[in-house]
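Trainee: Single-letter residue listing:
There are 2 protein chains.
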Amino acid sequence: MAVNLLEPDLLLAVKGIRLASIAAGIKKSQENDLVLIQMSENSQCAAVFTQNLFCAAPVTIAREHLQLQAPRYLLINSGNANAGTGEQGLRDANKCCELLAKQAGCQAKEVLPFSTGVIGENLPVNNIENSMASLYQQLADDNWINAGRGIMTTDTKLKGISRQIKLQGKVVTVTGVAKGAGMIQPDMATMLSFIATDAAISKQLLQQCLIAAVNNSFNAITVDSDTSTNDACVLIATGQAGNEPITLNSENYQQLAQLINEVCLYLAQAIIRDAEGATKFVELQVNTARSVDDARQVAYTVAHSPLVKTALFASDPNWGRILAAVGRAGVDFDINKIQIYLNDICIVSKGGRDSAYTEEQGQKIMQQQEITIRIEMQTGEHSACIWTSDLSYDYVKINSEYRS
Amino acid sequence: MAVNLLEPDLLLAVKGIRLASIAAGIKKSQENDLVLIQMSENSQCAAVFTQNLFCAAPVTIAREHLQLQAPRYLLINSGNANAGTGEQGLRDANKCCELLAKQAGCQAKEVLPFSTGVIGENLPVNNIENSMASLYQQLADDNWINAGRGIMTTDTKLKGISRQIKLQGKVVTVTGVAKGAGMIQPDMATMLSFIATDAAISKQLLQQCLIAAVNNSFNAITVDSDTSTNDACVLIATGQAGNEPITLNSENYQQLAQLINEVCLYLAQAIIRDAEGATKFVELQVNTARSVDDARQVAYTVAHSPLVKTALFASDPNWGRILAAVGRAGVDFDINKIQIYLNDICIVSKGGRDSAYTEEQGQKIMQQQEITIRIEMQTGEHSACIWTSDLSYDYVKINSEYRS
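Those protein sequence lines, which keep their order, are chains A and B.
So for the first sequence, the numbering used here puts the first residue at 188; every next one is plus one.
So for the second sequence, the numbering used here puts the first residue at 188; every next one is plus one.
Mixed in with the good hints, there may be bad ones.
Stated by the list, open to error - Only part of the chain B face toward chain A is listed, based on derived beta-carbon distances under 10 Å:
1) K390
2) W506
3) S542
Worth flagging that the hints you see were computed from the coordinates, not collected in a lab.
The beta carbon of each residue, even a glycine, is placed where N, CA and C say it ideally should be.
Based on the sequences and whatever the hints tell you, model everything.
Mentor: Structure (structure tokens):
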């Protein structure tokens, strides 16, 4: 059901990164649900996490460990979010770190735990314990695709991408994977996504690079306005590409940052293309706004409107619903000046239907799988762009049958 | 499909009010779609309107007329919202007022126009013109039920109520009708609702009475977070009950205000019971909050969560979704102190599942048609209560087929 999303045939290995994936019996489906990512010594690791106050136990532990020590391992399970699990959840997440530390001969605080899946059920730590040895043995550098599959929940497609550039004559690789597919409105953080590069760069610059990339990618998508308890995005730099360490304001930094941006944007859009029940991929551009905040508020109000989303599902150019959503966004504008476009067709101007607009034009655009809704506020010079999906029968089906 | 909503067998006449309803051919279904409400001379009329910036043409005209003159007529059509129709929409709304004025021998500014239905299509003024004479001839005091039916769009049930009290030995009647059923999150206003009493009261007090009642009724419901372009609630007092005019702070004022509150609350809840596709009627109580705004923000965040709404539809006690919605509401609290209840069963305490909670308890409550979700923030002394519905296949069906 995903919208124009192809699974990658190949994801490139990143020097210094080894991965493993196994079925530990956490998912009822018996698919892979436990993933290990090992990074070489002296790797730098940057991360952003959910802003949901009810953050999951592994998020709490991962944040703590990241303050204490440079991590060597990411341990990720799917099928259980270990969220809303109180003290027991924290004990369980810590226990998993300890089990891996024992297996790998490292310290527990060198492990960052991640979980995704059902909220409110205790993590089956025994399953994880029983699978730890064989998981560890499977570590290999060409395992990105298996790792990407192992973190999936309601996702229908693997989401991953590799890109390369040359820095100082050295080939630098960036490979990343991500999972969606519901409870998606990342807020200053993202869904689960793991990205690695072999570029040499300081931790501080890497974090800066990640935050900039996430703001315009994972933080600019919404399926259903629900920010997950488990969102996390991790960016690793192993430093094994052989380039001179990248410094701030160097041309190399700009090049790498641009590459990270592209990878994050691809993965974020892939999450929307594979959103629960999605039949449309919709870009919301809000331009000529008084501020970026205003532009984002209008964009999210339209993107979250169930009436706009069901009209998109129905391929119905019911533009009155877009107009109504813009009008209630809580942002001031002049209804006689604002303009609303479907792709390049002006549908609303001078407070009503544009005089040149015809229903046939709107119908033709709405039948496409990829649609841009552009809103010109005419109140300033700021813009925002976000991406969303439609609201279909399948969204209701997937989310009413999720635990059954 | 409505949840525990019975249609009234009888709505009591209100002295000084006459009503008419007719099929003018605006709705494709050939059902009644044009309603006239006549009020006797010296009636007082209070009204609140949508805060949507893209308010409909009739809202603009009704607001203007209300400033100029005490109204004598409300002219309401369903099947076409006359919203997003620019200058033509304003001309059409004015034309309707003029047509009625000519028929009734009054001034156009003594008519308040209202519309509800599809946004963005021009009002078929010819249909209204052709029906005006016979509409006017049908005015009668026992026509409340017909009027209530004439304003319906996707509503499946007529929504109306009558209540009586004695003031100074005089029987005072309040009768009101309302329509939903989608694009519902009234904001400082409401959906279309028309309420009349024969009590004698000043316009200023009547408006105060209406605003207070609306705040805790029509402004405390949500189906889909979409504030309509056409929301309006009108409260008429004809002053023909024979009571002494009610003054501020009198016991009579409290009694009448209480009655208006009850009527508004019944009608607002009736809109939720008959919300598009609704199978559940859900009350969200947020208590011990730092402020009413905080409490409302938490309540609305939970009420708008598509994941909470689909879990309600599925009768699935997936309380993790409630917890996740509370956590992203943007309101500060201590996750170890907050408590979440389903009816009287505590489901979340100390940051996770309450130790006494069992899935069976949750399942039993979720299977009911009426459910209360109560959240104790433990950060202060303020409360808010709102009402909402679930998100079902039928919501998607109704809204993807609306214009077809």
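Trainee: So, for every hint listed, does it hold in this structure?
Mentor: Quick rundown of the hints versus the structure:
{"no.": "1", "hint": "K390", "in the structure": "28 Å, violated"}
{"no.": "2", "hint": "W506", "in the structure": "6 Å, holds"}
{"no.": "3", "hint": "S542", "in the structure": "9 Å, holds"}
Hint 1 from the list above is the single one not met by this structure.
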